[in-house]
Amino acid sequence: NAGVTQTPKFQVLKTGQSMTLQCAQDMNHNSMYWYRQDPGMGLRLIYYSASEGTTDKGEVPNGYNVSRLNKREFSLRLESAAPSQTSVYFCASRGDQTGGAYIQYFGAGTRLSVL
Amino acid sequence: DQQVKQNSPSLSVQEGRISILNCDYTNSMFDYFLWYKKYPAEGPTFLISISSIKDKNEDGRFTVFLNKSAKHLSLHIVPSQPGDSAVYFCAATFHGSSNTGKLIFGQGTTLQVKP
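Top to bottom, those sequences are chains A and B.
For the first sequence, the positions run 1 to 115 when our numbering is used.
For the second sequence, the positions run 1001 to 1115 when our numbering is used.
Derived from the structure by calculation, the hints contain no laboratory data.
There could be a bad hint or two in this list.
Unchecked claim - Simulated pairs of lysine-lysine, DSSO-like, Cα-Cα distance not exceeding 27 Å:
no. : chain 1 : residue 1 : chain 2 : residue 2
1   : B       : K1037     : A       : K9
2   : B       : K1054     : B       : K1071
3   : A       : K57       : B       : K1005
4   : A       : K57       : B       : K1037
5   : B       : K1068     : B       : K1054
6   : B       : K1005     : B       : K1071
7   : B       : K1068     : B       : K1056
8   : B       : K1071     : B       : K1037
9   : B       : K1005     : B       : K1114
Produce the entire structure from the sequences given, and follow the hints as far as they go.
Here it is in structure tokens:
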């Protein structure tokens, strides 16, 4: 029972490089989310997708793009990485609102360093 | 503007004693609250939740209390065990078609339970 799978687990980039963080869930959930976690800041929402084919900005979207490839997969892209994007990135998914309303299930995270 | 605040960055308690983690919120629209637990190098995992129509919810050693008039909730862990040592995040959300399940997280409190 994999749940939410994120790849890669670790990544080091140089300033200006690009990369895509991958996320896949096997729970048939409609909604998916990308967060970043920084010390003392909690988890902040970058982008989310309420359903396949739709994406919307969260609290801190600048410097990122997303793609909801299908119901299972939601990727986060950094086009030109900056040191301020050094963080731990978490992907999450959520089922419908009945039974366990609003519970999001998280992946193990991607630890990204931008030098 | 931090809508969900956990003002204690850390808490240390003795094994067997009660741990009380606190969370304050400012947005009166919030009507559903969740606690997540996070171990190092892992993603957050759902612990317990409460709807605003209740003032208490219990699950084994974990109890969440909600004081709507004070916009305050707390998580009680009794008795505390060393395995409870982790970072605890409070999160809030509200029902409504415009929300799409987004969670607003607090900064987190690191709990250390000493044997």
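Hint check, failures only: Every hint satisfied by this model.
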